Amino acid sequence: MSKLIASSLDIHYGDIRVVHQADIQLEAGELVILVGPNGAGKTSLLRALAGLLPYEGTIELNHIDLHKISDKERAKQIAWAPQLAPVHWPLTVKHIVALGRLPHMGPFDRLSSIDKAAITRALELADCSQFKNRLADEVSGGERARIMLARALAVEAPIMMADEPTASLDPAHAIRTMDILKAQAAAGAGVLVVLHDLALAARYADRVVLMDKGKIVSDGPAASVLSADNLARVYGIKALSGSKDGESWILPWQVL
Amino acid sequence: MSDSKSYPKVLLGLMILVLIAFIPGLTMGQVSLSFSEIWQGLMGPADDPLTIIVRELRLPRVMLAFLVGAGLAISGAALQGLLRNPLADPGVIGVSASAGFGAVLVIHLGLASVSALALPLAAMIMAGVSTLVLIMMARRRDSLLMLILAGIAISSLMAAATSLVLNLAETPMTLRDMMMWLMGSLENRTYQDVMLAGPFIIAGAAILASTGRGLTALSLGEETARSLGIHTGQLRLSVILGTALIVGASVAVSGAIGFIGLVTPHLMRRWVGNDPGRLLLPSALAGGLLLMIADLLTRLPFAAGGGGLRLGVVTALIGAPVFLFILFSLKGRLK
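Quick note, the sequences are listed as chains E and U, same order. Residue 34 is where the first sequence starts when you use the numbering used here, and the numbers rise one by one after that. Residue 797 is where the second sequence starts when you use the numbering used here, and the numbers rise one by one after that.
This is chain E alone, in the form it adopts within the complex (with noise of 0.2 Å):
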């Protein structure tokens, strides 16, 4: 079982410090949302947690140092999907999600059939089948955000992460998306997803990290994290809620 755990990290970009001191950790099964507003260092801790981007404190992943894993191991165990990734040569849908097998494959192998049966069930899951053999460039903004999910998908690892992977997408592209990733965690995956969407963070969430100034000033339950108080003190908003079928809601509603 999969289990990422980082303690007292801190990030820099040059000498301003975008993270300072977070503890957060991500196990097998579980779907964590991270939010918080604009500049509050989601995407700099999801890129740390993820190895790309150059921390202090430690970053344990299955009680291993992050520093210690191979970029290829880590690949193999760690899916990205970032947001707004380029895409710089006009190469198929197919073509781009089946980079998400290059982890498991040597320099000089080609596609086996397992590599290619987990690119027909991440272009299947990510509703991305019916445009596979289009260019990448001739495709909607949403369907591209779809792609880079699939791509991620296609890795098929332990730990999934994304950086805001509903952000261009239509409503009912992005309920299917959360679908998507909280299936991910039900089948055992460890997901961590930055959101805007306070709605789907709400409902999806197993748990949800809310981020304020490099900080995280609150980690549980939904319902204890997005609370009138930490709504009005970390975003200055008030938000309407409730529950139906057992679920709660969120509605931002205005700013204080």
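Simulated from the structure, these hints should not be mistaken for laboratory data.
DSBU-like cross-link-like pairs, simulated, lysine-lysine; straight-line CA separation at most 30 Å: (1) Lys805/U / Lys165/E; (2) Lys248/E / Lys215/E; (3) Lys805/U / Lys149/E; (4) Lys271/E / Lys246/E; (5) Lys149/E / Lys109/E; (6) Lys105/E / Lys36/E.
According to the in silico footprint, chain E covers these stretches of chain U (three or more CB under 8 Å from chain E): (7) 1010 to 1018; (8) 1023 to 1034; (9) 1062 to 1073.
Residues from chain E shown here face chain U by an in silico Cβ test under 8 Å; the list is partial: (10) Asp104; (11) Lys105; (12) Arg107; (13) His121; (14) Trp122; (15) Pro123; (16) Leu124; (17) Ile129; (18) Pro140.
Bear in mind the structure is a predicted one, so any value in this text is a computation, not a measurement. Every residue, glycine too, gets a C-beta built ideally from N, C-alpha and C.
For chain E, the structure is supplied; the task is to place chain U on it using the hints.
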């Protein structure tokens, strides 16, 4: 990466064409030879005039055309992949200009007549030095923009230094030597040149061929490539080192030959697609083939006047318009 069926076919087709191109490479020249004469030349005694023409003059020339063309094209393809810029080529990172300066300097100092090895060595040393400077700059500031700008700066500096040497040339003869050399040629090359440049070009090409997967992943940006387990710093160093070996050795034996590195990957994109990793090997074969054909053009009868048509002039005359044509036909597809 993707399971396209055409890729092996393209490779095989290009290999066959390269082998076919060896034939006119041996038959064409000031003395036209028939098939049987070539065979006689290849197999005959060492002091036979046919043997000298085939083995000592034409075979090294054809081999060098292939090696230099293949090397320049694979470095162009790798640099375009690394810099994610379809306009990149070995000239961009300043290695060609540095090697050229080294060679011109040697001619100016009169060292070229002291030893046949002086010019190639100077070109390779200068290529190595400029690459080392680039590597150090790229390491200090981990950014591609920095690398391109440093390349442009080195390139301009070396072009200026070359102009200075030309400016100071004392006799018209040296000036003519330097100009002829800067135009690029494969005439009168020997096995010594093949043995000197060949190993460096092959080593460089092998290094570049190993970067395919990384370059493919880099299509999705540096961050995603790293999340896929690619060590992007190492990848960059490999591409720079491979390019320096190839360009230094190529410039040393053939002078300045442009556009092969720029145009060949573009031509290959139509056949094997846009994946930068898959472009490497087809580009190498096609680049070798193109330079072999360009070299044949310099041997046509009308080209013989005025000391002979120079190979670098042929590649530029054909390459530049072809490049423009490709650029326009791409329309908005490459942003």
